[in-house]
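These protein sequence lines are chains A and B, in that order. First residue of the first sequence: 3, per the numbering used here; consecutive thereafter. First residue of the second sequence: 6, per the numbering used here; consecutive thereafter.
A hint or two may mislead.
Claimed, not checked - Counterexamples of contact, computed for chain B against chain A with all Cβ distances above 12 Å:
1. Asp38
2. Glu104
3. Leu108
4. Phe122
5. Thr173
6. Val192
7. Val239
8. Met305
Claimed, not checked - With a straight-line Cα cutoff of 30 Å, these simulated DSSO-like cross-link-like pairs (lysine-lysine) come out:
9. A:Lys240 with A:Lys163
10. B:Lys191 with A:Lys348
11. A:Lys163 with A:Lys222
12. B:Lys247 with B:Lys228
13. A:Lys181 with A:Lys137
14. A:Lys562 with A:Lys586
15. B:Lys197 with A:Lys347
16. A:Lys299 with A:Lys347
17. A:Lys585 with A:Lys407
18. B:Lys197 with A:Lys350
19. A:Lys163 with A:Lys236
20. A:Lys241 with A:Lys222
21. A:Lys350 with B:Lys191
22. A:Lys407 with A:Lys348
23. A:Lys348 with B:Lys197
Simulated from the structure, these hints should not be mistaken for lab results. Backbone N, C-alpha and C fix where the C-beta goes; we use that ideal spot for every residue, glycine too.
The chain contents come next:
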Amino acid sequence: MNPDLHASVRRFAVSCFVVPRSVQALAFAVPALSFGMTFHEAPMLRERVESGELPPIQERLPDNPLVVECFERIGVYGGEMRTVTPIAGWLVEEGPMVWEPLLRFAPDGVTIEPNLAESWELSDDSRSITIRLRKGLRWSDGVPVTTEDVLFAWNDVQLNKDITPLPPQMFAVDGEPMKLEVVDDFTFRLIFKQPYGSVLFALIHSYLLQSLIQPKHYLKNFHAAYTPEEELVKKARKKGFDYWFELFRDENHTTRRMTGQTPPDYPTLGAWQVLGEPAIGHVMLQRNPYYWKVDAKGQQLPYVDSIHSEYVGNPEARNLKYIAGEVDFASTPLENAPVMLANRKKSKYSVRLWVENQGTRVTYFFNQTFPDPELRALFRDLRFRMAASLAINREEINDILYYGKCIPRQCTVNRACSYYEPEFERSYAEFDPDRANELLDEIGLERKGPGGWRHFPSGRQVILSPVVIEGGFRPETTELVADYWSTLGILLSWRVVDNELVYTKLMGNQLDLAIYPGDTATDVGMAMGTPLQIRLWAPLWEDWFMSNGERGEEPPAEIKDLWDTWLLMRQTGDREERIRLGKKLARSQVENLYGIGAVGGTISPAVVTDRLNNVPGDGALCGWPWAVHVIHRPEQWFIEE
Amino acid sequence: MGKYLLKRCLYMIPVLLAVSVLSFTIIQLPPGDYMTSKIAQLQMQGEEASLSEIAALRSQYGLDRPLYERYGMWMWGMLHGDLGKSFIYNRPVSTLIGERLALTVTISVCSILMSWFIAIPIGIFSAIRQYSPLDYFFTFVGFIGISIPAFLLALLLMFGTYELFGVTVVGLFSPEYAVAPWSFGKVLDLMKHIWLPAFIVGVAGTAGTIRVMRGCLLDELGKQYVIAARARGVSEVKLLLKYPVRLALNPMLSTIGWILPAVISGEVIVSVVLNLPTTGPLLLEALEMQDMYLAGSFIMILSALTVIGTVISDLILAWSDPRIRYE
């Protein structure tokens, strides 16, 4: 047989059996196709259609609206959801309820589903991904969404050095931003210089920071490429700015901002849009008539008509409102759980025990690039970290602080993560103070003096002085840990300081011991940011990597290997390979104990009034970067008295 | 008198200048700036910050310029009536303070009036019936009032009213009226809610005023002229009110000027606990987040009012007590 023909037959045969990725992507879209459905809308919108204010429902929905499965049952329209926000001028709901990502997670926190994008196809070499938007998708003011908006967002906003001084990092590989190619009105392609399999995570995760879809029709009025600059400078001066791009930044609310909140009438793609602030501290949101999701019966979502968000700065005042049943949905810290549970029957609400996605809530990271040479050498000694971990009585911490309901474990990926192995949790997690003391004796830290505290060979006492941020059980856990380590002869002189001060010290490499949640515990958490939160346990090594060797300190070979493994894990488009590399990273963490944790699977109680339905029950996953509400689908929550 | 007034006004200028430098510097003293505060706050909420926006805003708001330049920009704006923009809210400082001013002043005036109308009669009574059982009773209550911190009292009362009456006194309005436009019903609702902050803030002040009134009046009542007047047959009430009470009010009048800034800033901690939409919480948020224009401008306003208030105090004192005169 002709050798070329032979080769092509073989290729064809192979392609029949290896399922291409585009089909995989379609497999998620198939259950969601809604051909042949009749659509219904909320009564308040139907009124506006009848008065001629809005076009009919068929014209407002895209050709292929996303069909959302309800958690409990199909809902009814109507009602106003009451929430509170703890920070002034900052709508907690804005993230989850006003913006939408291109792709999102299923409730299991691992499977990736279409959202704004109808389908996607990652190329075989993982260097490019083709994304198809829903045809007929519209902004909340009725203007159609097309790839013009994507092109504008990328070329005119993200790549514009005046508006965005730093290049967008989630869409750059090896420091080089991606290329964006428009295929047609609804299809576009992202092209990277190197393979970037984790781009899927970026498409889920980045919407709040580097949105790829921005309302061109609205924002071009503030952009010098579309409006004469003199006109813009005049508008800018009136607002107190000097440059057109400062005005642009002020007017652009397509991301989570550092100042102010989204104004009313700003075009959005979320279920609700900001209506205004009728009284100080009260923000109203109302349903978006062009929202592009429906339920299984063709009813346009969301069910809830409006949201009333009140600013309540004082935590006790918030607690009072929760126990009075005045807030329909709120997350509250675990320490409040008993009070919340005690009042639930009387005030008609339930407390859902959701599970946080962190590996361990309070994690101790010894700074291996700390300026002091003796402490640094000690922190770099694995035996010291092993001892520190073995001395912690995790069962006791769980019983005292977490009501015995969470999981005593080592800091590692959580059980839902693809990289999880049961033995990771148990690594150095047993309570063995004798062995810990032996290890410290081996290192050469002698006990001296009346207290029996350990000293360096130079005679100096081993004292650690971490600064602790209030809340999240950090001070309480540290108090217990200080107790445990005192049996080892290590003095932990800790104090609570303001959150901002800790952040500043961290940035300045002044923390000997960083106390933070163990965040790299999920597939997406491991891929984003930096490997294993290296900033917390080796700021100077991270500097070295980020500056390509110009700043910081050169790390040892195994850390360079760690970084390379992480890069490869992010790049590969092959799921099996990604899992293999992810497990290698996770194993490295539990063998080397960069972060030492005590209790994971921590519970985050959510107060939900009885009239609010379709909210996930106990055991549901929550926390960034799963973007809690995107998993919990607030668009399908409904109110029924 | 006119020359005296002019001199006092001229003295105000260097004082205010010094206050502006001091307050601006102190606000910037903690390491970092608004951006680092906001980043830290976002981290606590479990969210991330956009590095690009941080860099952009830092330069846009001049946070990367040296301290004296930022001070100069701020002072220049103030002299033109521009108090600057708040980072937290992204709105002008004057608007933010202005929209809260009416409610703040209402609550402050209510608490002050309540405090005086209760404290002065009780103080007088305590003095004339010294060591009587009622005097001991009022003294006891007074000391409790001074020793319980206002915010603790606020928390206890908030919880107490909920447990006993099932009403949450969070904020100044009931949920139905909170976002509704002003109406007679809304005013009534405000009256129903305003007693709690007025009472709490008033109580602390009441106790102090009672003790001061009592002490000063006792001093006066022991003096020769009182005995002489009594001997001449002047009625007790007239005796009491014509001179001794007027003189006992001196300490209060001399500090009345400080009421002016207190009225504007409201009681901060109690307002935070009760979640009142007043200027007090605004100042606290601004200081916590290093929102330099909001905090700085607010403190300047309060300082200006304090200085002006002190001048007014001195004038009132001079008018009420003929013994005090200035060259």
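Non-interface claim for Met305 (chain B) versus chain A (Cβ beyond 12 Å): Correct as stated: the minimum Cβ-Cβ distance to chain A is 18 Å, above 12 Å.
Is Lys191 (chain B) within 30 Å of Lys348 (chain A), Cα to Cα? Roughly 28 Å between the alpha carbons, so the hint for Lys191 (chain B) and Lys348 (chain A) holds.
Minimum Cβ-Cβ distance from Val192 (chain B) to chain A exceeds 12 Å: Non-interface label on Val192 (chain B) holds, nearest chain A Cβ at 14 Å vs cutoff 12 Å.
With a cut-off of 30 Å on the C-alpha distance, tell me whether Lys197 (chain B) and Lys350 (chain A) pass. Holds - the C-alpha atoms of Lys350 (chain A) and Lys197 (chain B) are around 26 Å apart, at most 30 Å.
Is the straight-line distance between the alpha-carbon of Lys585 (chain A) and that of Lys407 (chain A) 30 Å or less? OK: Lys585 (chain A) and Lys407 (chain A) at ~27 Å, within 30 Å.
Sort out whether Lys236 (chain A) lies within 30 Å of Lys163 (chain A), counting only the CA atoms. 21 Å, holds
When you look at the beta carbon of Phe122 (chain B), is every beta carbon of chain A farther off than 12 Å? 29 Å, holds
Between Lys407 (chain A) and Lys348 (chain A), is the straight-line Cα distance small enough, at 30 Å or below? 25 Å, holds
So if I understand the rule, the pair passes when the alpha-carbon distance is 30 Å or less; does Lys562 (chain A) with Lys586 (chain A) pass? 14 Å, holds
Take a quick look at whether Lys247 (chain B) and Lys228 (chain B) sit within 30 Å of each other, Cα to Cα. 14 Å, holds
Is the Cβ of Asp38 (chain B) more than 12 Å away from each Cβ in chain A? About 9 Å separates Asp38 (chain B) from the closest Cβ of chain A, which leaves it inside 12 Å; violated.
Please work out if Lys299 (chain A) and Lys347 (chain A) have their alpha carbons no farther apart than 30 Å. 33 Å, violated
Checked against the numbered hints listed earlier, the structure breaks hints 1, 2, 3, 5 and 16; every other hint is satisfied.
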